[in-house]
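K.L.:
Using the sequences and the accompanying hints, generate a full structural model.
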Amino acid sequence: MFHSQAQGDLGIFGNDPAAVIAVKVLGIFVIMVLMTLLTIWAERRVVGRMQMRIGPNRVGPFGLLQSLMDGIKLALKEEIIPKGAHLAVYVIAPVIAATTAFLTFAVIPLGPQVSIFGTVTPLQLTDFPVSVLYVLAIASVGIYGIVLAGWSSGSIYPLLGGLRSSAQMISYEIAMGLSFVAVFLYAQSMSTSQIVAAQEPMWYIVLLLPSFIIYTTAMVGETNRAPFDLPEAEGELVGGFHTEYSSLKFALFFLAEYVNMVTVSALATTLFLGGWRAPWPISLWDQANVGWWPMLWFFGKVFAFIFVFIWLRGTLPRLRYDQFMKFGWKVLIPVSIVWILIVSVARYLRNEGGLESRNLLFAASAVLVVVVLVSYTLDLRRKKSDEAEEQRIAIEAEQEFDPFAGGFPVPPMPGQVAQPSRRMKATISSGAPASHTPAETTEGN
Amino acid sequence: MNGESVVFWVSGTFAVVGALGMVVSKKAVHSALWVAFAMVNIAVLYFALEAPFLGTTQIIVYTGAVMMLFLFVLMIVGVDSSDSLLETIKGQRLLASLFALTFGGVIVASIASTLSSPSAGLAIANAGYGGHLQAIGFLVFGTYLFAFEALSALLITAALGAMVLAHNERWTPRKTQDQLQKERTFSNHVTPLPAPGVLARNNSVDTPALLPDGTTSIESLPNAFRGEGQVSKSNSIEEAGK
Amino acid sequence: MGQGNVYLPIFFLGLLAFGFAVFSVAAASFTGPKRYNRAKVDAYECGIQPAQAQLGGGRFPVKYYITAMLFIIFDIEIVFLYPWAVSFDALGLFGLIEMIIFILTVLVAYAFVWRRGGLEWD
Chain D
8 MFHSQAQGDL
18 GIFGNDPAAV
28 IAVKVLGIFV
38 IMVLMTLLTI
48 WAERRVVGRM
58 QMRIGPNRVG
68 PFGLLQSLMD
78 GIKLALKEEI
88 IPKGAHLAVY
98 VIAPVIAATT
108 AFLTFAVIPL
118 GPQVSIFGTV
128 TPLQLTDFPV
138 SVLYVLAIAS
148 VGIYGIVLAG
158 WSSGSIYPLL
168 GGLRSSAQMI
178 SYEIAMGLSF
188 VAVFLYAQSM
198 STSQIVAAQE
208 PMWYIVLLLP
218 SFIIYTTAMV
228 GETNRAPFDL
238 PEAEGELVGG
248 FHTEYSSLKF
258 ALFFLAEYVN
268 MVTVSALATT
278 LFLGGWRAPW
288 PISLWDQANV
298 GWWPMLWFFG
308 KVFAFIFVFI
318 WLRGTLPRLR
328 YDQFMKFGWK
338 VLIPVSIVWI
348 LIVSVARYLR
358 NEGGLESRNL
368 LFAASAVLVV
378 VVLVSYTLDL
388 RRKKSDEAEE
398 QRIAIEAEQE
408 FDPFAGGFPV
418 PPMPGQVAQP
428 SRRMKATISS
438 GAPASHTPAE
448 TTEGN
Chain Z
74 MNGESVVFWV
84 SGTFAVVGAL
94 GMVVSKKAVH
104 SALWVAFAMV
114 NIAVLYFALE
124 APFLGTTQII
134 VYTGAVMMLF
144 LFVLMIVGVD
154 SSDSLLETIK
164 GQRLLASLFA
174 LTFGGVIVAS
184 IASTLSSPSA
194 GLAIANAGYG
204 GHLQAIGFLV
214 FGTYLFAFEA
224 LSALLITAAL
234 GAMVLAHNER
244 WTPRKTQDQL
254 QKERTFSNHV
264 TPLPAPGVLA
274 RNNSVDTPAL
284 LPDGTTSIES
294 LPNAFRGEGQ
304 VSKSNSIEEA
314 GK
Chain P
414 MGQGNVYLPI
424 FFLGLLAFGF
434 AVFSVAAASF
444 TGPKRYNRAK
454 VDAYECGIQP
464 AQAQLGGGRF
474 PVKYYITAML
484 FIIFDIEIVF
494 LYPWAVSFDA
504 LGLFGLIEMI
514 IFILTVLVAY
524 AFVWRRGGLE
534 WD
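Chains as they are written, first to last, in the numbering used here: chain D, 8 to 452; chain Z, 74 to 315; chain P, 414 to 535.
Take these hints with a grain of salt, some might be off.
Said to hold, decoys possible - Here are the computed lysine to any residue pairs in the SDA-like style, where the Cα-Cα straight-line distance is at most 20 Å:
# : chain 1 : residue 1 : chain 2 : residue 2
1 : D       : K84       : P       : F433
2 : D       : K80       : P       : F433
3 : Z       : K99       : D       : H93
4 : P       : K447      : D       : F257
5 : P       : K476      : P       : R528
6 : D       : K80       : P       : S442
To be verified - Distance windows between CB atoms, simulated:
# : chain 1 : residue 1 : chain 2 : residue 2 : range
7 : D       : V377      : Z       : L253      : 32 to 42 Å
8 : Z       : A226      : D       : L323      : 39 to 49 Å
9 : P       : V454      : Z       : F219      : 57 to 67 Å
To be clear, the hints were calculated from the coordinates, so they are not data collected in a lab. Glycine included, each C-beta is placed from N, C-alpha and C at the ideal position.
P.N.:
As structure tokens, this is what we get:
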């Protein structure tokens, strides 16, 4: 009685014989590894093109085997365990990262029901009423891999990188979680297969565009990819949390990062791009959404996302940490909350008055986009006027010493004279300000 | 033994091991990890009991958020610090054991009370709602409405507490990058200050840099060292170099 | 719904992934060469001698605490939003209004933290 849209029956899951489960499990594992190798290769080739280079093209046709060879090379490298490492945690961390990365793909629907060994079974490992939440839960365990790697290395850079990246991931996880709410509201379900089924009339990217934008932004932050790759900001943190990892342990982190990339892309496809459903011109063909074909559409969409990931990396510079946090906390979160309120009201009006909520939602998305843009330009303009004011203040500051300039106790600027405190009087015998004390006076001590 | 009891015995044991590990571990971070491990196993138990929403929530909120906060706190106070075993509260042990006993008693009593009456089963509990998610929605936003709205007040309290404990208010507005750049350009020192004298044999910030003429540069030192008698003497460096 | 073992495949996938990860970690110590060098096992610090003492007393900005606490607050809000969203059609106007009240109350906390500068990083 509460199922207003009872699409997709979850009863078809969990009935597979052991052989089919084994095939599916192995299939998913192999697909993930292959996708990783392919993605790394694609990334190097595409970024190469974007930077007017060729990229790896020596190993195998078009250099396709390059990432496999790199993996083998990593395996043959010496394994270095730093002196200060906490061994048990140090070893467990990459295992956690890799395992959780693979686990999330279990609930992604790759296609409709097909026949494997004569058993009719959905092209999805499993599904249950809260499978999207399961993805969130596993992802939040995956953060442990990074924090622990940073902590257990016994070194400063990894520790900073681990802390920073976990703060980043939890910040963007909120925006990600909020972007799901509108999808759940319209699908009236949290199971991936039912969400795909609910998108039969219209993909949610059309209906819930702001949610899609928020999710895609958050997913880039969540996977630590450029322009949000601050945990690996090599100019500041060397390699971030995996600085002290080498050989296959490093390879596991690398693998986990790319598997996560594939998983978030697959989730975006599932939630917003109609999952395995064929895109418009192909969907006119009545065989497009049956059998094994949907897998092709699905991976086509996933690769489109991966291409965007690579494109972003080739195009955008890295954000500064404060800008990044500001964007997550002050833009993404309020916008998603406002959007949730709009969606719920629209949905309510549709339920009650039979009002066509679609047009309402389109209008609301447009308004939301305009509001965000206007507030952004206002912010810029305010900054401009602030700048003029600040410049005036800065010139004034040159004449008068402000012991708390910038909010912290500071020494006088060149040309400024500090009012000597008692402590300064005690330590500096001459009357000159500290920064002008000739170095020689300290020598004759 | 059916699947559910296998899961119960395995995950239940792991959860207890995690709890014990938390108590026994010397390092605070290890304790936090053991708790996270126990939490995940409890979530598995929820899954086995056909409460997947509770299971995922357990992982998302407890393992993902609360234990992450604990780890952050441990890193903030210094990652290697082990617990101080000094007891500052008088009668701590007595009070602790009293509370533990009371809590244990409450748990045993509540479990015993459920044993005496036959359980209705999940199917009956969810009947009429169309699934356990809908049932949760209906109960939380219907029957337990007041508790739910009171929770939002609790969340405000948490935010207040965090701000009171950890927030350092700025005294003046922050300088922009642009402003800093301008200040530097108009100052007498456009280039970075000379680095402290980190020489091949001396790796310390209290050693001043040597200028080309052999004198020391006081500007290469942090402010705290610029007073008299706090700086290594350039003579000694030069002599050591000979 | 006849869902006996929907979690079983996840268990097997987890087992496979875990086995793979453990195998890789274990294999690394056999496949690679072993050439000891004291400098190699030191913590990496861009060529400066690593200062071990810093780790013990090394302290981090307390800022992260506020981030984590806010994360918990929003996490709890999200966890309530999910069942609400799924049973939204059944709850009707009543559910809509009470969730709006809930969201606004949590937003008070958010606005407070924002206003006091708890979201600023420098």
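K.L.:
Next, verify each hint and record whether it holds.
P.N.:
Cross-check of the supplied hints:
Annotation: proposed proximity of K84 (chain D) to F433 (chain P) holds, straight-line Cα distance about 18 Å (limit 20 Å). Straight-line distance between C-alpha atoms of K80 (chain D) and F433 (chain P) comes to about 18 Å, which keeps the hinted pair within the 20 Å bound. Between K99 (chain Z) and H93 (chain D), the direct Cα distance comes to roughly 13 Å. Compliance with the 20 Å bound is thereby established for this hinted pair. Straight-line distance between C-alpha atoms of K447 (chain P) and F257 (chain D) comes to about 17 Å, which keeps the hinted pair within the 20 Å bound.
In summary, the hint linking K476 (chain P) to R528 (chain P) is supported, as the alpha carbons are separated by about 15 Å, within the 20 Å threshold. With a C-alpha separation of about 14 Å, the suggested pairing of K80 (chain D) with S442 (chain P) holds against the 20 Å cut-off. V377 (chain D) and L253 (chain Z) have their C-beta atoms about 34 Å apart, which keeps the hinted 32 to 42 Å range intact. The hinted window of 39 to 49 Å between A226 (chain Z) and L323 (chain D) holds, with their beta carbons roughly 41 Å apart.
Checked against the given bound of 57 to 67 Å, the beta carbons of V454 (chain P) and F219 (chain Z), roughly 60 Å apart, stay inside it.
Consistency with the previously given hints is maintained throughout, with no hint failing.
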